[in-house]
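Peer 1: These protein sequence lines are chains A and B, in that order.
Per the working numbering, residue 7 is the first one in the first sequence, and the count goes up by one each step.
Per the working numbering, residue 7 is the first one in the second sequence, and the count goes up by one each step.
Simulated from the structure, these hints should not be mistaken for lab results.
Because the structure is a prediction, the values reported are computed rather than measured.
One thing to keep in mind: the hints can contain errors.
A pair holds if it fits inside one copy or across any two, identical chains being indistinguishable in the list.
Listed next, the in silico DSS-like pairs over lysine-lysine satisfying Cα-Cα at most 27 Å (straight line) [said to hold, decoys possible]:
| no. | residue 1 | residue 2 |
| --- | --- | --- |
| 1 | 95 | 221 |
| 2 | 266 | 113 |
| 3 | 316 | 266 |
| 4 | 316 | 270 |
| 5 | 144 | 270 |
| 6 | 227 | 139 |
| 7 | 227 | 252 |
There are 2 protein chains.
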Amino acid sequence: MVTQEEIEQAHDRIRPYIHRTPVLTNQTLNSLTGAEIYFKCENFQKVGAFKARGGVNAVLQIVQNKEAESLTTHSSGNHAQALAYAARKVGLHAYIIMPRTAPQVKKDAVRGYGAQVIECEPTLEAREEGVQKIIRNKGAILVHPFDNDRIIAGQATAAKELFEDIDITLEALITPVGGGGLLSGTSLSARYFSPTTQVFAGEPEGAADAIYSVKSGTVQKPEFIRTIADGLLTTLSERTLAIIRKHVAEIFLVSDEEIKQAMKLIWERMKIVVEPSSAVVLAVVIRHKELFTGKRVGIILSGGNVDLSKLPF
Amino acid sequence: MVTQEEIEQAHDRIRPYIHRTPVLTNQTLNSLTGAEIYFKCENFQKVGAFKARGGVNAVLQIVQNKEAESLTTHSSGNHAQALAYAARKVGLHAYIIMPRTAPQVKKDAVRGYGAQVIECEPTLEAREEGVQKIIRNKGAILVHPFDNDRIIAGQATAAKELFEDIDITLEALITPVGGGGLLSGTSLSARYFSPTTQVFAGEPEGAADAIYSVKSGTVQKPEFIRTIADGLLTTLSERTLAIIRKHVAEIFLVSDEEIKQAMKLIWERMKIVVEPSSAVVLAVVIRHKELFTGKRVGIILSGGNVDLSKLPF
Numbered sequence: 007m008v009t010q011e012e013i014e015q016a017h018d019r020i021r022p023y024i025h026r027t028p029v030l031t032n033q034t035l036n037s038l039t040g041a042e043i044y045f046k047c048e049n050f051q052k053v054g055a056f057k058a059r060g061g062v063n064a065v066l067q068i069v070q071n072k073e074a075e076s077l078t079t080h081s082s083g084n085h086a087q088a089l090a091y092a093a094r095k096v097g098l099h100a101y102i103i104m105p106r107t108a109p110q111v112k113k114d115a116v117r118g119y120g121a122q123v124i125e126c127e128p129t130l131e132a133r134e135e136g137v138q139k140i141i142r143n144k145g146a147i148l149v150h151p152f153d154n155d156r157i158i159a160g161q162a163t164a165a166k167e168l169f170e171d172i173d174i175t176l177e178a179l180i181t182p183v184g185g186g187g188l189l190s191g192t193s194l195s196a197r198y199f200s201p202t203t204q205v206f207a208g209e210p211e212g213a214a215d216a217i218y219s220v221k222s223g224t225v226q227k228p229e230f231i232r233t234i235a236d237g238l239l240t241t242l243s244e245r246t247l248a249i250i251r252k253h254v255a256e257i258f259l260v261s262d263e264e265i266k267q268a269m270k271l272i273w274e275r276m277k278i279v280v281e282p283s284s285a286v287v288l289a290v291v292i293r294h295k296e297l298f299t300g301k302r303v304g305i306i307l308s309g310g311n312v313d314l315s316k317l318p319f
Numbered sequence: 007m008v009t010q011e012e013i014e015q016a017h018d019r020i021r022p023y024i025h026r027t028p029v030l031t032n033q034t035l036n037s038l039t040g041a042e043i044y045f046k047c048e049n050f051q052k053v054g055a056f057k058a059r060g061g062v063n064a065v066l067q068i069v070q071n072k073e074a075e076s077l078t079t080h081s082s083g084n085h086a087q088a089l090a091y092a093a094r095k096v097g098l099h100a101y102i103i104m105p106r107t108a109p110q111v112k113k114d115a116v117r118g119y120g121a122q123v124i125e126c127e128p129t130l131e132a133r134e135e136g137v138q139k140i141i142r143n144k145g146a147i148l149v150h151p152f153d154n155d156r157i158i159a160g161q162a163t164a165a166k167e168l169f170e171d172i173d174i175t176l177e178a179l180i181t182p183v184g185g186g187g188l189l190s191g192t193s194l195s196a197r198y199f200s201p202t203t204q205v206f207a208g209e210p211e212g213a214a215d216a217i218y219s220v221k222s223g224t225v226q227k228p229e230f231i232r233t234i235a236d237g238l239l240t241t242l243s244e245r246t247l248a249i250i251r252k253h254v255a256e257i258f259l260v261s262d263e264e265i266k267q268a269m270k271l272i273w274e275r276m277k278i279v280v281e282p283s284s285a286v287v288l289a290v291v292i293r294h295k296e297l298f299t300g301k302r303v304g305i306i307l308s309g310g311n312v313d314l315s316k317l318p319f
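When you get a sec, could you build the whole thing from the sequences and use the hints?
Peer 2: Here it is in structure tokens:
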């Protein structure tokens, strides 16, 4: 399991390449929820999402240890941009397998960072096959979006900064959960740097796998996938499941309608652009108001990459 | 003309009621324009726009001098919210005359601050008639959106903060221009606090009156009004025209297409919500790249109040 020292080292390593994102508060949203909410704005992060943290941490170590001269991954979006960004910074070549259905704005962004996009069918099988091909043919190293300790240590630094940058102790800290990289990193940061903070997660009803995986103790697939939160479609891995079972207090489901409402509130009231996956967490606080009212609650806004031509409003 | 001391006093007076908004920079937009841009983010201001500054400054003085127990104005949006907000803070009653075509989100916001909204036809005549009626019947005092020294002194504090909060000296500072409250306040702040900074303005082609007013020396009406930048429809007053003629280097026109493109860039790249009127200024820097490239340029993002159900993307 990722240690406190590994998170601290990751933070020192990535610092020159990432933003120390601001923590925002908002009176209207506090009044609405009864909670005192601290928003860690990873939508302002490099590449528009927290994924830059893990990506940079992994790629810097690949270069330092001379593990390969190119890298590859499959990603529906933000992880792809993160690796492309990190690879360019250190002069590695990046091959990114992306489902052809991924938002155009995300494909363009990956290409904009100089990476090579290889499109595939939008199934997990096709994505993994694409990655294996690149590994065989190009000698590239796989950087998995979340089933990777370096990635988890990198993602953990968002919560570490949040703890450092506010004067009070959070009673709760909530992140979205897809593959579990951000959630497991956050829960480890809480354990090491703010042990009285309880960590929770939000998951879309239309991609409900983590909640059942935690209950059953084995990685589950969702019964069905239909959600606006396109960053949260993946299932956990054994690695993230183990951390989440140990350190996360509870996972809450929210509907797409609740996600859209929360997203609209954030855009209208905070005047910031967040993607649906980010809004999942505020949706949790609104739906379970009774649990969070009167509490100091941290929220990690995971990213801000949206296709403006396809808004749900 | 508003003095340096009046701007300094305004700043001290309003400080407890407004946000000291952040100054953001963005590498992508710097690369795109060749300029080094400092965005003063008044979209994060109370009520979502710089208008809170002038509104609070005016209302606090009305209360201190016991000039009236209620106030009124006509406004298509942000000034209305600003006065409603300020009136509530000090316990005055506010009657706001709004064109019935104003965005619903803005009417709702004004009512949300406890003010009484009185709808009228969307003509300047109907708006002014509505205001006169309230003054006669209710004894309310008029707080004009820009033809008012207290308002101008308040709006001037945005530029004052920008000068204080960055380490370098700006070579150019650009605001949008509608009635000219922000522009004249900004140009006076530059004169007093950063005299080597040249002040410019951006105006929509579809509400082009300030540019001709400055050229002719008298307040002109636009030839036609058709623009997405709904905060910039008003003409100058003699008061703002005089200041602008003296202290503003040049006014540039931009098309609605350019405004939309600039707005999309700000949303996508900076991950912040700005209204079309704010985007006018970046559109100027992009259209006149040759003038601003290599320069340190301040931009005042005037506000972030948009109707998310009516986006131009």
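Peer 1: Each of the hints needs a verdict: does it hold here or not?
Peer 2: Hints versus structure:
no.: 1; hint: 95 <-> 221; verdict: neither (41 Å within a copy, 50 Å between copies)
no.: 2; hint: 266 <-> 113; verdict: both (23 Å within a copy, 22 Å between copies)
no.: 3; hint: 316 <-> 266; verdict: both (13 Å within a copy, 16 Å between copies)
no.: 4; hint: 316 <-> 270; verdict: both (14 Å within a copy, 13 Å between copies)
no.: 5; hint: 144 <-> 270; verdict: neither (44 Å within a copy, 37 Å between copies)
no.: 6; hint: 227 <-> 139; verdict: within (25 Å within a copy, 66 Å between copies)
no.: 7; hint: 227 <-> 252; verdict: within (20 Å within a copy, 68 Å between copies)
Hint violations for this structure: numbers 1, 5, all remaining hints satisfied.
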